[in-house]
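Trainee: What follows is each chain in one-letter form.
Protein chains: 2
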Amino acid sequence: MFSLDQLSAFVAVAEELHFGRAAERLNMTQPPLSRQVQKLERAVGVQLLERDNRRVVLTEAGRAFLTEARRVLALVETAGDLARRVDQGAAGTLRLGFTATSAIRTLGPFLRRMSEELPDVDVILHERVTPAQIDGLLRGELDLGLGRPPFDAQVLDSRVVFREPLCAVVPGNHRLALLGRPLTPADFAGEQVISYSPTQARYFHELTVRFLADAHPRIEQRVQQILTVILLVAAGRGVALVPASARSLGVEGVTFCEVGVPGEPVELHAIWNRASTNPVLHRVLTMLPEHQ
Amino acid sequence: MFSLDQLSAFVAVAEELHFGRAAERLNMTQPPLSRQVQKLERAVGVQLLERDNRRVVLTEAGRAFLTEARRVLALVETAGDLARRVDQGAAGTLRLGFTATSAIRTLGPFLRRMSEELPDVDVILHERVTPAQIDGLLRGELDLGLGRPPFDAQVLDSRVVFREPLCAVVPGNHRLALLGRPLTPADFAGEQVISYSPTQARYFHELTVRFLADAHPRIEQRVQQILTVILLVAAGRGVALVPASARSLGVEGVTFCEVGVPGEPVELHAIWNRASTNPVLHRVLTMLPEHQ
DNA sequence: GTGTCCAAGGCCGATAAGGCATCGAGTGAT
DNA sequence: ATCACTCGATGCCTTATCGGCCTTGGACAC
Numbered sequence: 001m002f003s004l005d006q007l008s009a010f011v012a013v014a015e016e017l018h019f020g021r022a023a024e025r026l027n028m029t030q031p032p033l034s035r036q037v038q039k040l041e042r043a044v045g046v047q048l049l050e051r052d053n054r055r056v057v058l059t060e061a062g063r064a065f066l067t068e069a070r071r072v073l074a075l076v077e078t079a080g081d082l083a084r085r086v087d088q089g090a091a092g093t094l095r096l097g098f099t100a101t102s103a104i105r106t107l108g109p110f111l112r113r114m115s116e117e118l119p120d121v122d123v124i125l126h127e128r129v130t131p132a133q134i135d136g137l138l139r140g141e142l143d144l145g146l147g148r149p150p151f152d153a154q155v156l157d158s159r160v161v162f163r164e165p166l167c168a169v170v171p172g173n174h175r176l177a178l179l180g181r182p183l184t185p186a187d188f189a190g191e192q193v194i195s196y197s198p199t200q201a202r203y204f205h206e207l208t209v210r211f212l213a214d215a216h217p218r219i220e221q222r223v224q225q226i227l228t229v230i231l232l233v234a235a236g237r238g239v240a241l242v243p244a245s246a247r248s249l250g251v252e253g254v255t256f257c258e259v260g261v262p263g264e265p266v267e268l269h270a271i272w273n274r275a276s277t278n279p280v281l282h283r284v285l286t287m288l289p290e291h292q
Numbered sequence: 001m002f003s004l005d006q007l008s009a010f011v012a013v014a015e016e017l018h019f020g021r022a023a024e025r026l027n028m029t030q031p032p033l034s035r036q037v038q039k040l041e042r043a044v045g046v047q048l049l050e051r052d053n054r055r056v057v058l059t060e061a062g063r064a065f066l067t068e069a070r071r072v073l074a075l076v077e078t079a080g081d082l083a084r085r086v087d088q089g090a091a092g093t094l095r096l097g098f099t100a101t102s103a104i105r106t107l108g109p110f111l112r113r114m115s116e117e118l119p120d121v122d123v124i125l126h127e128r129v130t131p132a133q134i135d136g137l138l139r140g141e142l143d144l145g146l147g148r149p150p151f152d153a154q155v156l157d158s159r160v161v162f163r164e165p166l167c168a169v170v171p172g173n174h175r176l177a178l179l180g181r182p183l184t185p186a187d188f189a190g191e192q193v194i195s196y197s198p199t200q201a202r203y204f205h206e207l208t209v210r211f212l213a214d215a216h217p218r219i220e221q222r223v224q225q226i227l228t229v230i231l232l233v234a235a236g237r238g239v240a241l242v243p244a245s246a247r248s249l250g251v252e253g254v255t256f257c258e259v260g261v262p263g264e265p266v267e268l269h270a271i272w273n274r275a276s277t278n279p280v281l282h283r284v285l286t287m288l289p290e291h292q
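Those sequence lines, one after another, are chains B and W.
The opening position of the first sequence corresponds to residue 1 in my numbering, with each subsequent residue numbered one higher.
The opening position of the second sequence corresponds to residue 1 in my numbering, with each subsequent residue numbered one higher.
Careful, some of the hints might be misleading.
Heads up, the list lumps identical chains together, so a pair's fine if it works in one copy or across two of them.
The calculated lysine to aspartate or glutamate pairs, modelled on DMTMM-like cross-linking and capped at a C-alpha distance of 25 Å, are [what the hints assert, rightly or not]:
#, residue 1, residue 2
1, Lys39, Asp81
2, Lys39, Glu24
3, Lys39, Glu77
4, Lys39, Glu264
5, Lys39, Glu50
6, Lys39, Glu258
7, Lys39, Glu117
8, Lys39, Asp120
9, Lys39, Asp157
10, Lys39, Glu16
11, Lys39, Glu164
12, Lys39, Glu220
Simulated from the structure, these hints should not be mistaken for lab results.
Please construct the entire structure, taking both the sequences and the accompanying hints into account.
Mentor: Written out as structure tokens, the structure reads:
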């Protein structure tokens, strides 16, 4: 096997076609350079340069080998660069989990920033409900998730990246749509309410339950996704509570109403595994907006 | 700058995730292997492996660097192979000159053999009349030509690769077409004969002149290419002498007639520069049919 | 012939590599 | 809790390799 120094030596000689000048370029003297090239030829088993006391010429094999040698040296250069950039999180892969709803307002700007500031990072998107994201984060299948509590804060760390008010969604012709003022829990008394899966959408489930605690609504449907909720509302199956950004989904036949004071804001968290060693993750965390 | 040995060391450790086993695989002991990997990390400026006394794990940067390292090592392997194959003429480029006529019977089989026996050789085809081929061979623009004498046998070497009889071509309704026996020079007495350029198709020019020396034909047209000759015959502008393989050109309205004894055979030569250093050429010469 | 140019070869000191012995920290069994 | 074991890191020594200096040998120019 030959060495990279021998490759550099050969490339220099092949480009200069002169051992003396090549040696100068390599900051060495001519004799060891001659020996390096000889060694390389012995290692490859082929004469790469034809030389007499007057001139140096590449053989055909030398010509072919030269292009390969250049390629090797270039690759060696870039390999180091790549490793350094990956180490600093400027290159690599970020496996990002997100919920359908988080995508409405957060995902687009985030991806735009990524491609601007970390263009060599591949972001691999996984649309999953929060529990599936948590699972992925714990298994190491995801680097970062955009989801909602709860999760095990021992193992996972998080930061709020978006905060928005809760609002109500009702059919377009519904009496609540015509009140013209923020709705209170009492307004939902006796209403058919579409709520959320206690396991797969626990955050909205609990939000809904807490908000309507004293209103004793009738809850029959429990679904996982915000969009499904709104489609059921549009189909006249009831009313529901959703995050304000759901307006942007553009579903026809429904009206979004503000809700009054007691509504806690809806929070979207960036969630990651404290044990993650992905440098991209740490780089990304430094550029994530911190919403107090 | 790091060394290829360091790359191999790193790859072995990264694959085994165990310094001891990796060292065994590399036929060395564990301590110098540890040092090699440390040196590599220092050279790259990045931690590639995370190791405690219990286990070895790749960092993200290490994972990225591993694929690059494998690529470098693979390239190093193939570079040597390539040079050796080029040296033995099994890979590389053959710039081949040929005349339109030589292509009829010789070029196809030759190219077929090349792609069977030397599949890694690129054959670059140059259709040129013989003098242009000679010129290319002398300038080093061509490695091998398929042409006809004369040429400077001091500088160029050659070998006959195809030998065929001369034959006459006459218009389909011509009196010579109806004789039903081999033609002799005397048959051409008084005929309008289409002959060849004394400079650009000197071989056929001289062949024609020698064959018809005593017949005193009338020669007015002198062209370069066999095909042109035959098209002129088809157009009724005269009769001509061509190599037998010209039948395969499939020109309508002409008849090919055998010619009698005095006809020397038409010889096609493979011609090359004695000074050529292209290993492919020498490899090809060993597989060229030698026609006595 | 003499001087010049240039790659190759001989010789020497410095550097680096590999082997052996050992350390030290973490693990698992008793 | 202790002891044996595992495994990567470190220290020390020997050997191999590398690069520099000096010289050789052959080709070319004047």
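Trainee: Hints first: check each against the structure and report whether it holds.
Mentor: Quick rundown of the hints versus the structure:
1. Lys39 to Asp81: between (29 Å within a copy, 16 Å between copies)
2. Lys39 to Glu24: Within one copy only: 19 Å inside, 27 Å across.
3. Lys39 to Glu77: both (23 Å within a copy, 16 Å between copies)
4. Lys39 to Glu264: neither (75 Å within a copy, 55 Å between copies)
5. Lys39 to Glu50: Classified as within; 15 Å inside a copy, 36 Å across copies.
6. Lys39 to Glu258: neither (81 Å within a copy, 63 Å between copies)
7. Lys39 to Glu117: Classified as neither; 46 Å inside a copy, 32 Å across copies.
8. Lys39 to Asp120: neither (39 Å within a copy, 27 Å between copies)
9. Lys39 to Asp157: neither (56 Å within a copy, 35 Å between copies)
10. Lys39 to Glu16: So Lys39 and Glu16 pass the 25 Å test inside one copy only (19 Å; across, 31 Å).
11. Lys39 to Glu164: neither (70 Å within a copy, 52 Å between copies)
12. Lys39 to Glu220: This pair counts as neither: shortest intra-copy Cα distance 82 Å, inter-copy 66 Å.
Checked against the numbered hints listed earlier, the structure breaks hints 4, 6, 7, 8, 9, 11, 12; every other hint is satisfied.
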